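Visitor: Taken in sequence, the protein lines are chains A and B.
Per our numbering, numbering through the first sequence is continuous, rising by one, with the last residue being 109.
Per our numbering, numbering through the second sequence is continuous, rising by one, with the last residue being 223.
The set of hints was computed from the structure by calculation and includes no laboratory data.
Incorrect hints may appear among the rest.
The calculated lysine-lysine pairs, modelled on DSBU-like cross-linking and capped at a C-alpha distance of 35 Å, are [to be verified]:
id	chain 1	residue 1	chain 2	residue 2
1	B	K187	A	K42
2	A	K108	B	K124
3	B	K171	B	K124
4	B	K120	B	K187
5	A	K42	B	K171
6	A	K108	B	K187
7	A	K108	A	K2
8	A	K45	B	K208
Per the computed footprint, the stretches of chain B lying under chain A, defined by three or more beta-carbons under 8 Å from a beta-carbon of chain A, are [to be verified]:
id	stretch
9	128 to 137
10	150 to 156
Note that the coordinates shown come from a computational prediction; the quantities given were computed from them, not determined experimentally.
The beta carbon of each residue, even a glycine, is placed where N, CA and C say it ideally should be.
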Amino acid sequence: RKEVEQDPGPFNVPEGATVAFNCTYSNSASQSFFWYRQDCRKEPKLLMSVYSSGNEDGRFTAQLNRASQYISLLIRDSKLSDSATYLCVAYTGGFKTIFGAGTRLFVKA
Amino acid sequence: EAGVVQSPRYKIIEKKQPVAFWCNPISGHNTLYWYLQNLGQGPELLIRYENEEAVDDSQLPKDRFSAERLKGVDSTLKIQPAELGDSAVYLCASSFGGKGDTQYFGPGTRLTVL
């Protein structure tokens, strides 16, 4: 079992839709969590950190459920420009950063 | 502010040849990472440096891969000899600290081994 698992998708949604991605992690000692965005043939870039209390940044909401060991990313009012791969990241004890395989999102007009 | 710089951007070599990748992190960032990313997968850590010290190289195939970060700034990742399965994108990232700080990635080097 991979330490960080994501639904690979792809998710195909129309503009304006709401879409949610889940990610599970196996190491209960994981301390910090992030969502990165990666455009095709580009480098990953930080989208947002995930806090225990949940956090929101415009149309994006991230939540953490430590009891069930999963994090989620909700995108509201999807835009064409949201089309990308979304990488779930867990930072574990021992200073290890583990990336999930990514979930591909296609937003269509 | 300049981001993470990597070179070359693309490299095509024949198997059994050596290859080297170079990375210049963001100024002031103490932690430097080398990742390997295969198509359809997330980045996989090869080695992490805190200043000039390699603090996590458990995933680095040491029989053919080597890395160095002299003076705690620039870093070089080398493969010798390259194998077909080494074809991938090699990403360098840096962060201010190593404890969960945001990582900033360079554009990567796309390696093709023929």
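Visitor: Taking only the CA atoms, is the gap from A:K108 to B:K124 under or equal to 35 Å?
Guide: At roughly 41 Å apart (the allowed maximum being 35 Å), B:K124 and A:K108 break the hint.
Visitor: Is the straight-line distance between the alpha-carbon of B:K120 and that of B:K187 35 Å or less?
Guide: holds, 13 Å
Visitor: Measure nothing beyond the straight line between the CA atoms of A:K108 and B:K187; if it is 35 Å or shorter, mark the hint as holding.
Guide: Distance ~42 Å between A:K108 and B:K187 Cα, so the pair is violated.
Visitor: In terms of beta carbon proximity below 8 Å, does the stretch 128 to 137 of chain B have 3 or more residues touching chain A?
Guide: Not satisfied, violated; 0 residues make the cut.
Visitor: Are there three or more residues in the stretch 150 to 156 of chain B whose C-beta lies closer than 8 Å to some C-beta of chain A?
Guide: Since 5 is at least three, the answer is holds.
Visitor: Take the C-alpha atoms of A:K108 and A:K2, compute the straight-line distance between them, and say whether it is at most 35 Å.
Guide: Since the Cα atoms of A:K108 and A:K2 sit roughly 31 Å apart, the hinted pair holds (cutoff 35 Å).
Visitor: Within a Cα-Cα threshold of 35 Å, do A:K42 and B:K171 meet the stated pairing?
Guide: Satisfied, since the Cα-Cα distance of roughly 28 Å is no more than 35 Å.
Visitor: For the pair supplied as a hint, A:K45 and B:K208, is the alpha-carbon distance within the 35 Å limit?
Guide: holds, 18 Å
Visitor: Given the proposed pairing of B:K187 with A:K42, does the C-alpha separation stay at or below 35 Å?
Guide: holds, 22 Å
Visitor: Need the status of pair B:K171, B:K124: alpha-carbon distance at most 35 Å?
Guide: holds, 17 Å
Against the hints set out earlier in the document, violations occur for numbers 2, 6 and 9.
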